[in-house]
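> Sequence:
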Amino acid sequence: MTLMLILGAVAALYCLRLLFRSAKFALPVCAAIALGFALRDHGFGWLTILGSALIAGVAVLALGRRLVGGTAPLAVKLCVMLMFVGAAAFAGYQAGTALAILGGLAAGAKHGLAILAGVVTGYASWHDLVSAADSTER
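Counting in this note's numbering, the sequence shown runs from 1 upward without gaps.
Do not take every clue at face value.
Claimed, not checked - Simulated restraints on C-beta separations:
| # | residue 1 | residue 2 | range |
| --- | --- | --- | --- |
| 1 | Ala9 | Thr71 | 40 to 50 Å |
| 2 | Arg40 | Leu74 | 34 to 44 Å |
| 3 | Met83 | Met4 | 37 to 47 Å |
Calculated directly from the structure, the hints in this document are not laboratory data. The structure displayed is predicted, hence computed values, not measured ones. Every residue gets a Cβ at the ideal spot worked out from N, C-alpha and C, and that includes glycine.
Let the hints inform the model, and build the full structure from the sequences given.
So this is what it looks like as structure tokens:
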């Protein structure tokens, strides 16, 4: 029983680490899914949908990193960072809510954990985006 608790805690920590490491991909994945659904509604084939969605996701991520790390004006950098951080914070909030529901927490603790997860995930996305921009300038 104790071994199962330890293994469960380790698995939960790895899931949280994965959430924070992949936070910067929330906006590109959302853009790719939105384009895929739009193309599906217009009657395109599955190969076209998957290829276009993959290209759109990679393009959004590459353009965001380029704008943040390049010589764009400060207002443009802030808007791009806020879009990435906002999408990541929303994804973190939803993940925190799901974890709180699975844990059976009370309503106040559920909202507190969800807000904390959203803020920390947004910060992780901002940190990854800015540190990636710093590393490309060297």
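> Look at each hint and say if it fits the structure.
Hint-by-hint comparison with the structure:
For Ala9 and Thr71, the hinted distance range of 40 to 50 Å is satisfied, since their beta carbons lie about 45 Å from each other. Judged by the Cβ atoms, the range 34 to 44 Å given for Arg40 and Leu74 holds: they are separated by roughly 38 Å. A beta carbon spacing of about 41 Å between Met83 and Met4 agrees with the range 37 to 47 Å that was offered as a hint.
In terms of the numbered hints stated before, the structure departs from none.
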